[in-house]
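Numbering (the numbering used here), first residue to last: 1 to 470.
Hints are not guaranteed to be accurate.
No farther apart than 20 Å at their CA atoms in a straight line, the calculated lysine to aspartate or glutamate pairs in the EDC-like style are these [as the list claims (entries may be wrong)]: (1) LYS264 <-> ASP297; (2) LYS213 <-> GLU187; (3) LYS278 <-> ASP297.
Hints in this document: simulated from the structure, not taken from any laboratory.
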Amino acid sequence: MTPIELARAAWLGGDALRRRRLRFKRYTFGDQWGDMVLTNTDETMSELELLRRTGHHPTTCNMILPAVTAIVGHYRQKVLEKTNNASETAPAAMSGLETDCSTLQEFLISGCAIQRLSVENRDGTVRTWADMVSPARFFIDQAATVLPSHMRLVGRLHDMPLMHVLLKFAHGNRRKASRLRDIFDKEAPFPVMPDGVSHGIGQSFNDTIEFDKPSLPGTMRVVELWTLECGESTRCLDPDTGVVQEFPHDDDSLIRRNNRRRRKGQTPLQRRWSLLPKWRCRYITASGTVIDEFYADSHPFVFAFYPAIDGEIHPMVEDLIDRQRHINRLLTLNDRIVASSAKGVLLFPENQTSASMPMSDVADNWAAPDGVVLYRALPGLPGPQQMVGSPSNFGLHAMVQTELSLISEVSGVSRALRGQDMSSSAGAELYRHKQEGATTALSHVLGAFEAFIERRDAKADVLGRNCCDT
């Protein structure tokens, strides 16, 4: 397979994950009636459209987003408590905290935490930067979800303006910049959005992403692909110093060094053939043209999936969706009961109609707060009456409260964690124990994310040292 075919196959392999993530994201941010259902007439439509066709108004009480924001806020507070000295509260550290909080939010919603490390000059500061990567643009081979050490392929999709393409890949070469311009003129002479898709400010541009088309107008699709390859090498041991070095298999300098050592009467280097794994990076256009490539000791991505049992990903939000749907149904049912019970029907006897006020005017005036209705009163008979019914108690309130408590138990976000369970009668020690109990319920998901941050920091340190050495 060609490199672009490898990348496409890996990206298509994540289609189910991307669709599930999009559903979880919709529920988190309030779009909770968008699931598609099959009607009695075998017609497919959203739950929202189906309810509106039947004359009902869907009600939503979003309890998922407060749970997510409470966990992210708890994590932010926990990190800030650890960063007390001035160096750790520098703007660079605070920008890193913002990235980590956004990554944690993604981790809770989709079960994916992905960042890309790079050493760049941004705003006059050269350091290691960690950028969040959307799972909608990320792809890996399936083996990596089960055992990351077996990963052989990883990459992401970029949307780059032509100016950024030239700055990143021309490497100060005028001829190469001209070649890049020619390549992308053939790729997309008029870079536009996919057909029927438009995105404004504040709208997602990753929900309808395609592999070979840019999601943003005026940009070019560039595929970043990293593959693990093995090359022949020669491992050499210097008997005098005990230093072990790796050399390319076809490196002639090793033979020359041995010849010099023999002439000086020194012990020759001990050599052994071996295979050396290397990561090969390619930047590829949508048509498969490689515009840049190089080798490195490691790829720049750090990722974690939760919980990744047998390769399956089940985020925290997934556990809350059924509870949230039940709450929405109960509230919608309550609105229907109230609307059906308190119609306010007016019973107007036909023989009491006023000749000077038609029934259409009677209906309008009756609905008005200060309306006046004319009718012809008859002795011994009651006048017009309004029928108002009171809804029966079906236990909806208790059911909603039960679902709310279940959401707190499932998510681990209790009232104490939100700071809502404080009272003058309860002591500070009791409140502290309640908070500790709440954080214990979150220790699994937060522990998995903190392990991801530790691996990210360790990899960033290695990347920074390697760049300093070069």
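Verification of the supplied hints:
1. Taking the CA atoms of LYS264 and ASP297, the gap is near 35 Å; set against the 20 Å cutoff, the hint is violated.
2. Between LYS213 and GLU187 the CA atoms are separated by roughly 10 Å; this keeps the pair inside 20 Å, and the hint holds.
3. Among the hinted pairs, LYS278 with ASP297 is consistent with the structure: their alpha-carbon atoms are about 6 Å apart, no more than 20 Å.
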